[in-house]
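Trainee: Sequence:
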Amino acid sequence: MQVGHVFEPRTVINAADGVRTDVGSGEGILVSSATVAGKEQKSRFGKAYGAIAVDMEAAAVAQGAQARGVEFGALKVISDAADFNLPPLDRFVVDDGSFRAVAFACHVALRPWLWGSTIALARNSSKASHALCGALTSYLDRESRDREVSREESLVAALNPTKAGPESASGHTYLGPEVHTRAKRQQ
16 MQVGHVFEPR TVINAADGVR TDVGSGEGIL VSSATVAGKE QKSRFGKAYG AIAVDMEAAA
76 VAQGAQARGV EFGALKVISD AADFNLPPLD RFVVDDGSFR AVAFACHVAL RPWLWGSTIA
136 LARNSSKASH ALCGALTSYL DRESRDREVS REESLVAALN PTKAGPESAS GHTYLGPEVH
196 TRAKRQQ
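Taken in order, the sequence shown gives residues 16 to 202; the numbers are from our numbering.
Bear in mind the hints are in silico, worked out from the structure with no lab data behind them. Keep in mind that this is a model prediction, so the values were computed, not measured. One or more of the hints may lead you astray.
What the hints assert, rightly or not - Simulated crosslink set (DMTMM-like; lysine to aspartate or glutamate; CA at most 25 Å straight-line):
| # | residue 1 | residue 2 |
| --- | --- | --- |
| 1 | K62 | D32 |
| 2 | K62 | D105 |
| 3 | K142 | E55 |
| 4 | K54 | D110 |
| 5 | K142 | E72 |
Said to hold, decoys possible - So the derived label-pair ranges between C-beta atoms look like this:
| # | residue 1 | residue 2 | range |
| --- | --- | --- | --- |
| 6 | R160 | H122 | 38 to 48 Å |
| 7 | D32 | L104 | 16 to 26 Å |
| 8 | A63 | D37 | 34 to 44 Å |
| 9 | R160 | P103 | 43 to 53 Å |
| 10 | S159 | P127 | 46 to 56 Å |
| 11 | R160 | G39 | 17 to 27 Å |
Glycine included, every Cβ here is placed at the ideal spot set by N, Cα and C.
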């Protein structure tokens with residue numbers, strides 16, 4: 016899949032324990048990893064699970080929702096393609112999941128060979144964030160118009176006019192607070 020492709024996984028798998036959550040709509044398999052997946056890891060998940068994308072949080076959210084009897088769904092966007100060489104991110108992710116951005120920036124600033132991949136990741140993340148915001152805005156607009164969206168109806172066809180290949184990629188889920196307030200104001 017290409018950067019900016021929005022998709023709704025049909026199945027989410029936790030790579031740590033193999034637990035599967037079937038969503039009921041959408042397409043393909045999303046695998047959640049406890050660490051940032053580089054291109055080799057994404058390739059292994061693609062082969063082992065048939066994954067079309069890799070993220071870090073969907074399986075935990077799915078399991079938490081299931082434990083509380085809450086309906087779960089995921090809408091993901093690709094922020095780095097399957098063959099993208101990520102800069103070293105894992106060492107800057109804290110146990111609570113937060114990212115030490117200043118430490119990462121200092122690390123990269125002293126290593127010019129990382130500048131290209133870091134700049135590309137920033138551009139890709141921005142493109143992915145905009146695509147996800149647009150998809151969520153479309154969904155919320157449709158939801159407020161129709162008041163009842165069928166669980167079997169997927170947003171994928173409307174959000175991505177072309178089909179992507181079977182390669183595995185990473186999903187980006189950041190959404191700023193401004194989108195939530197804008198959506199509330201529109202309702």
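Trainee: Would you mind marking each hint as holding or not holding in the structure?
Mentor: Quick rundown of the hints versus the structure:
| no. | hint | result |
| --- | --- | --- |
| 1 | K62 / D32 | holds (17 Å) |
| 2 | K62 / D105 | holds (23 Å) |
| 3 | K142 / E55 | holds (23 Å) |
| 4 | K54 / D110 | holds (23 Å) |
| 5 | K142 / E72 | holds (20 Å) |
| 6 | R160 / H122: 38 to 48 Å | holds (47 Å) |
| 7 | D32 / L104: 16 to 26 Å | holds (23 Å) |
| 8 | A63 / D37: 34 to 44 Å | violated (18 Å) |
| 9 | R160 / P103: 43 to 53 Å | holds (45 Å) |
| 10 | S159 / P127: 46 to 56 Å | holds (48 Å) |
| 11 | R160 / G39: 17 to 27 Å | holds (22 Å) |
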